[in-house]
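Listed in order, the protein sequences are those of chains C and H.
First residue of the first sequence? That's 5 in my numbering, and the numbers climb one at a time after it.
First residue of the second sequence? That's 5 in my numbering, and the numbers climb one at a time after it.
Everything labelled a hint here was simulated from the structure, so no lab data went into it.
Incorrect hints may have been included.
Which copy is meant is left open, because identical chains are indistinguishable; a pair holds if it fits in one copy or across any two.
Unchecked claim - Simulated pairs of lysine-lysine, DSSO-like, Cα-Cα distance not exceeding 27 angstroms:
1. K56 - K148
2. K52 - K276
3. K301 - K148
4. K56 - K305
5. K56 - K9
6. K297 - K52
7. K251 - K274
8. K9 - K148
9. K251 - K276
10. K74 - K17
11. K52 - K305
12. K274 - K52
13. K276 - K148
14. K305 - K160
15. K56 - K301
16. K9 - K74
Number of protein chains: 2
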Amino acid sequence: MLRGKQTWWFDNKPVIIGTATVVGPDEGDGPLAADFDLVHPELDMQQKSWEKAERLLLEQASEFALQNAKLERSQLEFYIGGDLMNQIISNSFAARSLGAPYLGVFGACSTSMESLALASQLVDSGAATHVMAGTCSHNCTAEKQFRYPTEYGSQKPPTAQYTVTGAGAAVVAATGEGPVVECATIGKVVDLGITDPFNMGAAMAPAAVDTIQAHFNDTGRSPGDYDLIVTGDLAGVGHPIAKDLLKQNGVPMDNTLFMDCGLMVYDVQKQKVQAGGSGCGCSAVVTYGHLLKRIQKGELKRILVVATGALLSPLSFQQGESIPGIAHAVAIAAGKE
Amino acid sequence: MLRGKQTWWFDNKPVIIGTATVVGPDEGDGPLAADFDLVHPELDMQQKSWEKAERLLLEQASEFALQNAKLERSQLEFYIGGDLMNQIISNSFAARSLGAPYLGVFGACSTSMESLALASQLVDSGAATHVMAGTCSHNCTAEKQFRYPTEYGSQKPPTAQYTVTGAGAAVVAATGEGPVVECATIGKVVDLGITDPFNMGAAMAPAAVDTIQAHFNDTGRSPGDYDLIVTGDLAGVGHPIAKDLLKQNGVPMDNTLFMDCGLMVYDVQKQKVQAGGSGCGCSAVVTYGHLLKRIQKGELKRILVVATGALLSPLSFQQGESIPGIAHAVAIAAGKE
Chain C
5 MLRGKQTWWF DNKPVIIGTA TVVGPDEGDG PLAADFDLVH PELDMQQKSW EKAERLLLEQ
65 ASEFALQNAK LERSQLEFYI GGDLMNQIIS NSFAARSLGA PYLGVFGACS TSMESLALAS
125 QLVDSGAATH VMAGTCSHNC TAEKQFRYPT EYGSQKPPTA QYTVTGAGAA VVAATGEGPV
185 VECATIGKVV DLGITDPFNM GAAMAPAAVD TIQAHFNDTG RSPGDYDLIV TGDLAGVGHP
245 IAKDLLKQNG VPMDNTLFMD CGLMVYDVQK QKVQAGGSGC GCSAVVTYGH LLKRIQKGEL
305 KRILVVATGA LLSPLSFQQG ESIPGIAHAV AIAAGKE
Chain H
5 MLRGKQTWWF DNKPVIIGTA TVVGPDEGDG PLAADFDLVH PELDMQQKSW EKAERLLLEQ
65 ASEFALQNAK LERSQLEFYI GGDLMNQIIS NSFAARSLGA PYLGVFGACS TSMESLALAS
125 QLVDSGAATH VMAGTCSHNC TAEKQFRYPT EYGSQKPPTA QYTVTGAGAA VVAATGEGPV
185 VECATIGKVV DLGITDPFNM GAAMAPAAVD TIQAHFNDTG RSPGDYDLIV TGDLAGVGHP
245 IAKDLLKQNG VPMDNTLFMD CGLMVYDVQK QKVQAGGSGC GCSAVVTYGH LLKRIQKGEL
305 KRILVVATGA LLSPLSFQQG ESIPGIAHAV AIAAGKE
């Protein structure tokens, strides 16, 4: 049901009955390594192209998510997913392997929560009983497509972010055991005129703030209702901006409550990841790999995942357009109250 | 509610309270010209780039759709749309102009019905009362991105299709006057191994057949329940293949019942469009411009629009991948029974 202006309230509390995450070597060297289902030791994953490697990540994550959910392939009614590749080919090819009716979505790095929000909405409303949401990114496909060939060895400013090599998938069901999806706030496009593609965190920060405030307005909740509020991939530059903007707007949050997946997936001080992680896979592997495990261990009771996306293309940047941002928020809790 | 395996049955019959279509000069020279809200006399629409022209088409269509629906901008709760451009920038920029919470989707040329299906599902389930679905394509942006620069003057085989320059938008509401959306069947990815991007109709035909048959299985309906069943953009090569496949599978349909938007939007004999129209805008402008007007005139009582998409990227083709197809079907009727 719609609550407020842009939030879906899930009365039937869809359950995340299984998730899986598959990552690359850099994420395997990071602080969350133990939480991922599979860590590939090499970036190419023995595939002939980076694109095939990215697709493999998602095919494995979706397969493992089914196994972890103890679900037969034929019981899955819909697959919802997208990625950063042109025409979201990683998801389309993975959906072909999966064989389920397929809804392709795109919200750049907010795709993780866009797909989880839609999957939860379908289950909550009775339009499905089992839906998988998935997404992925690969550092080398993103570099190749959005920036320069990696072999070129171009230098990056410290505001740049490092695209996560990883895929995450979650199975949402009408009944079963697992964390529940309470509600989802769908974001607006927010554009404050940032044009630097090496500073996407700053471009996305205002969108995160807009969605977080819309979420509180729509639901009547406040920061204190959550044990953790994480943005998707604002990283070292964008996250403090979002924090400052929220404080200015009367929503102060400290660094133990308000965190960012892009700052959690790597050891930003030690690993060469500039300002931190980004990419569709960033919020997906942190949420589905790490945060849901913390919920299941009882360490967190209720979290808000605010996945952020920069809605640019290389062409729109070349044509002098600014970088519109968007953020979608999903509230996940330990169980039905 | 889920009916059968992959069909959403809309018990509350969401209403299409307003639509709009904006097209380019070739579509204005075609047989459906009188049904479009605005025909641009020039392909560039006085914009500095083809991409800006494509965005303008969608911005105008969404604005006119609101006007035709007699809806204030602030009453629109969600916008759902996508397009063929990398990272669906036309829709992201148009969603920025529109200001509504935005769900980006991608199903190549099936995006028109993917977005209409999701918009209808949200309204039917009470997750929204007013949702806009939109999509667009532009001949020159598609040529530039997927094929060759138009200035290059490359020749095309007769199996190639001509991307429609046009945008279509529809406002779906919980109550009001207009045609109703009865149900939607979400398609699977179907890939029979076609690798020729100049023969997309053949690549998409099996997906159309799969979705049409799934629709009949799920709903218990048969071809006789419809006055018209249209595929999105199979055009002169793909549509006869789909017709033959359906006949082989025991679902014979004649050419007055089973048609294709790609064959309707142009005079394929007179206009230089090879096998016929294609692109996200093709099924959108034919459905929202022409077919819904025929329903409102009483000429058609119930139609099934089966929008077809080829889920390739230039890169996936260059890497030797085949072209996966998908089709989403939406049933639209004159009114609540």
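These are the hints, each one checked on the structure:
In the homo-oligomer, the alpha carbons of K56 and K148 lie at most 27 angstroms apart both inside one protomer (14 angstroms) and across protomers (25 angstroms), since each shortest distance falls under that limit. Proximity of K52 to K276 under the C-alpha cut-off of 27 angstroms is restricted to the intra-copy arrangement: shortest distance 26 angstroms within a copy versus 40 angstroms between copies. Taking the shortest Cα distances, K301 and K148 never come within 27 angstroms of each other, neither inside one copy (39 angstroms) nor across copies (52 angstroms). Taking the shortest alpha-carbon separations for K56 and K305, neither the intra-copy value of 38 angstroms nor the inter-copy value of 46 angstroms comes in at or below 27 angstroms.
In this assembly of identical chains, K56 and K9 lie within 27 angstroms of each other by CA distance neither inside one copy nor across copies; the values are 40 angstroms within and 30 angstroms between. For the identical chains of this complex, K297 and K52 are neighbours neither inside a copy (33 angstroms) nor across copies (51 angstroms), given an alpha-carbon limit of 27 angstroms. Taking the closest pair of Cα atoms, K251 and K274 never come within 27 angstroms of each other, the shortest separation being 29 angstroms inside a single copy and 64 angstroms across copies. In this assembly of identical chains, K9 and K148 lie within 27 angstroms of each other by CA distance neither inside one copy nor across copies; the values are 39 angstroms within and 39 angstroms between.
In this homomeric assembly, K251 and K276 never come within 27 angstroms of each other (Cα to Cα): the closest approach is 30 angstroms inside a single copy and 60 angstroms across copies. Proximity of K74 and K17 under a CA criterion of 27 angstroms is satisfied intra-copy only: 20 angstroms inside one chain copy versus 35 angstroms between copies. Proximity of K52 and K305 under a CA criterion of 27 angstroms is satisfied in neither setting, with 43 angstroms inside one chain copy and 52 angstroms between copies. Taking the closest pair of Cα atoms, K274 and K52 never come within 27 angstroms of each other, the shortest separation being 30 angstroms inside a single copy and 45 angstroms across copies.
With identical chains, the CA atoms of K276 and K148 are at most 27 angstroms apart within one copy only, with a shortest distance of 18 angstroms there and 37 angstroms across copies. Taking the shortest alpha-carbon separations for K305 and K160, neither the intra-copy value of 39 angstroms nor the inter-copy value of 60 angstroms comes in at or below 27 angstroms. Taking the shortest Cα distances, K56 and K301 never come within 27 angstroms of each other, neither inside one copy (35 angstroms) nor across copies (50 angstroms). In this assembly of identical chains, K9 and K74 lie within 27 angstroms of each other by CA distance solely across copies; the values are 20 angstroms between and 36 angstroms within a copy.
Checked against the numbered hints above, the structure breaks hints 3, 4, 5, 6, 7, 8, 9, 11, 12, 14 and 15 and satisfies the rest.
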